[in-house]
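In order, the protein sequence lines correspond to chains A and B.
My numbering numbers the first residue of the first sequence as 1 and each following residue consecutively.
My numbering numbers the first residue of the second sequence as 1 and each following residue consecutively.
These are computed hints drawn from the structure, not numbers from a lab.
All values reported here derive from a predicted model rather than from experimental measurement.
There's no promise every hint is true.
Copies of the same chain look alike in the list, so a pair counts if it fits in one copy or across any two.
[To be verified] Calculated lysine-lysine pairs in the DSSO-like style (CA-CA distance at most 30 angstroms, straight line): (1) 149 / 65; (2) 142 / 175; (3) 165 / 358; (4) 403 / 299; (5) 296 / 328; (6) 312 / 149; (7) 328 / 358; (8) 34 / 403; (9) 142 / 34.
2 protein chains.
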Amino acid sequence: MTRPDYYKFLSSRANLIEPSPIREMVSKIAVKSKTRQVISFAAGEPDPDVIPRELYAELSSELFKKVRIIGNYSPADGVIDLKNEIAGFMKEFEGVSTNPENIVVTLGGSQAIDLIGRLLLDPGDMVLTENPSYVNTLLVWKHYGVQIKGIPMDDHGLIPEELDKTLSKLSKEGKRVKLLYTISTGQNPSGLTLAQERRKHVLEIASKYDILVVEDTAYNHLLYEPIEVKTLRSMDKEGRVIYVGSFSKVLGTGLRIGWLEGPLEIVEKAKMAKGPMDMCPPVPMQYLVLEVLRNKVFKHVKERAIETYRLKRDLMINAIEKYLPGIKYTRPVAGMFVLIWLPRNIEAAQFTEILLEKYDVAAIPATPFYTDESGRNVVRLNFSMAKTDLIDEGIRRIGELLKELTT
Amino acid sequence: MTRPDYYKFLSSRANLIEPSPIREMVSKIAVKSKTRQVISFAAGEPDPDVIPRELYAELSSELFKKVRIIGNYSPADGVIDLKNEIAGFMKEFEGVSTNPENIVVTLGGSQAIDLIGRLLLDPGDMVLTENPSYVNTLLVWKHYGVQIKGIPMDDHGLIPEELDKTLSKLSKEGKRVKLLYTISTGQNPSGLTLAQERRKHVLEIASKYDILVVEDTAYNHLLYEPIEVKTLRSMDKEGRVIYVGSFSKVLGTGLRIGWLEGPLEIVEKAKMAKGPMDMCPPVPMQYLVLEVLRNKVFKHVKERAIETYRLKRDLMINAIEKYLPGIKYTRPVAGMFVLIWLPRNIEAAQFTEILLEKYDVAAIPATPFYTDESGRNVVRLNFSMAKTDLIDEGIRRIGELLKELTT
């Protein structure tokens with residue numbers, strides 16, 4: 001009776017599968033929250049009270065009764081009526097003309113990103129991202145053995161000149177860059193939005209160096225200012241942009257309905273891959289989102305979300321101005337996050353640990369979102385899920401700890 | 001304005017992603033069904049009228065109102081209460097003692113199988129399956145570049161002596177076999193069940209050659225005869241069996257709730273991988289299944305399914321005896337399928353095409369389920385989703401076509 005030596009059975013890819021660097025922090029927060037009231041700026045999620053659960057209760061009850069095949073498989077790429085609605089949604093909300101054939105419904109935007117890895121990324125390939133970028137995209141693409149290089153951002157998002165410079169350098173070195181990944185609006189973790197005037201430039205650079213662009217639009221519908229930002233996809237005349245869509249940040253992350261949209265050459269492969277991977281997206285969830293889109297409810301939920309989160313954002317910014325004078329931080333016009341820069345000698349990982357331990361405030365170090373060492377002193381603060389009446393107090397405590405550590 | 005040459009961007013793995021060989025047939029059936037009443041033996045799914053949709057309507061309405069965080073993320077490996085219930089379920093229905101820590105909730109059994117590929121399979125590795133085996137498992141593991149070898153079956157399922165012989169041969173050739181994949185009960189596509197007295201032997205062989213066993217239990221709960229079949233997992237003393245569980249075949253394939261259970265060394269890696277792959281299984285679906293398990297409804301749904309499908313199976317077998325005298329076929333004690341062997345000179349693919357075209361009867365060639373050429377004349381018939389009052393007529397028409405082709 002010998003137990004097998006499991007490590008011997010693991011694939012070489014398994015070595016590339018790393019634990020999420022923020023998982024430990026998340027566990028600590030969960031443990032602490034059991035005994036103390038924690039003010040949390042940790043999550044990257046919608047406020048549960050903004051999600052229209054009463055409406056979902058009603059709709060899902062109707063749908064289970066009405067749709068005979070709701071408990072059975074749908075096509076692997078999604079219910080055709082939903083794909084039609086998504087095409088209409090992209091037209092209405094994103095100015096993108098596309099066809100249902102170009103759409104694959106996925107388990108949130110995350111699965112679309114993983115699918116892109118499976119279809120496009122080989123070991124040794126290089127991928128460019130904003131620096132910092134979404135930690136889970138970095139993690140999941142590392143499963144495919146790629147190298148990831150971050151491009152610096154400023155207040156207006158990704159810096160096109162830096163992108164050009166990097167691509168030029170890599171091209172000279174003979175490195176194969178396949179794509180640029182950008183969360184163009186309300187980026188996670190920075191909260192920054194790529195300025196409209198830069199967007200055309202980014203597309204031109206992609207064309208110049210013949211790379212694809214993966215545009216993650218997760219936060220596109222949480223725009224707090226009356227500014228114009230067009231999706232890269234809507235401006236793309238060459239078919240370089242693969243669009244990753246998600247209803248998660250407005251309708252709820254738990255539903256797990258997102259999609260991949262792009263050129264047929266890639267989408268057809270995605271459909272082929274997806275069938276045996278998981279058969280289809282959860283069918284009752286597909287019908288629920290279909291009904292929400294059909295009933296034109298999305299816009300109302302979105303407006304309520306924007307109103308709620310704009311208020312929370314303002315509370316957070318005001319509190320930062322009040323309690324953290326002189327600190328460097330981002331001012332989001334969209335999304336769910338603010339970054340703050342601690343003094344250079346303070347490590348964000350340590351800071352957030354003490355903050356939780358001593359001050360009952362939860363935040364996530366932004367460090368693992370960086371592709372290099374430049375984010376050691378940066379902390380990500382979420383405002384969407386934070387409790388309105390505790391934001392001021394939470395930031396005050398951050399100020400307290402900062403004072404404690406710097407004096 | 002040049003469109004990119006997309007094929008240049010595809011990964012080397014993308015070449016391993018093949019279209020499902022039964023996809024074309026499925027499309028043809030869908031098209032035909034629009035204009036004609038097709039008698040279908042094609043699907044591999046529960047009867048929509050067995051799925052308790054009224055109950056789901058009620059439960060999901062309650063859950064959306066009651067569970068505040070139902071629209072938000074759950075842990076990547078699933079809601080902890082659901083994992084507890086699944087551990088209890090495995091004890092009650094499968095005689096397996098395990099812990100919630102050893103469980104990862106997945107998007108149906110399919111995702112568990114894909115996850116096993118990601119964690120364990122390297123290009124060039126060899127995987128053994130029953131011959132024939134589930135076509136989607138073959139397809140998705142091919143994404144990982146593995147070689148698949150099928151082990152012959154007889155009426156009692158996989159033949160242990162053949163397994164031993166194959167492993168001995170491969171071992172002498174220096175080939176690395178990582179695992180045996182078995183759908184031990186009510187196998188898809190054969191309908192066969194691995195005889196209880198063979199199960200111990202299969203485990204001994206796995207131990208002898210130091211390979212793992214992936215036991216796909218999708219059809220375990222659809223057992224039509226009062227025979228004893230223990231899961232390999234429950235008999236495994238060494239920790240060689242990775243268990244793939246699914247509620248799909250009883251509660252509905254559309255919910256997409258399955259799980260992976262196994263040794264911590266592998267399950268921990270699965271948890272790490274799964275987070276960034278898709279964040280979490282759909283949360284309302286997790287709570288729905290949780291309620292079904294908590295309310296002890298599973299057993300009732302299962303009993304109703306068994307009663308319905310047993311009747312359909314008997315109708316199918318009787319019709320085969322009546323209209324296809326002398327034909328070789330499998331007699332399932334579990335699952336959803338019967339295989340029939342056409343005369344050697346008739347190709348199943350062609351036969352099923354004419355059958356649909358001329359006789360309005362849909363069936364799936366079993367050929368792509370085989371790992372070699374031996375299944376060219378084999379057709380898979382599903383009885384679970386077939387309409388009770390049309391089974392006899394459908395098989396009669398198969399008999400008609402056979403007569404037409406052989407006289």
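> Going through the earlier hints one by one, which of them does the structure break, listed in rising order?
Replying inline: 1, 3, 4, 5, 6 and 9
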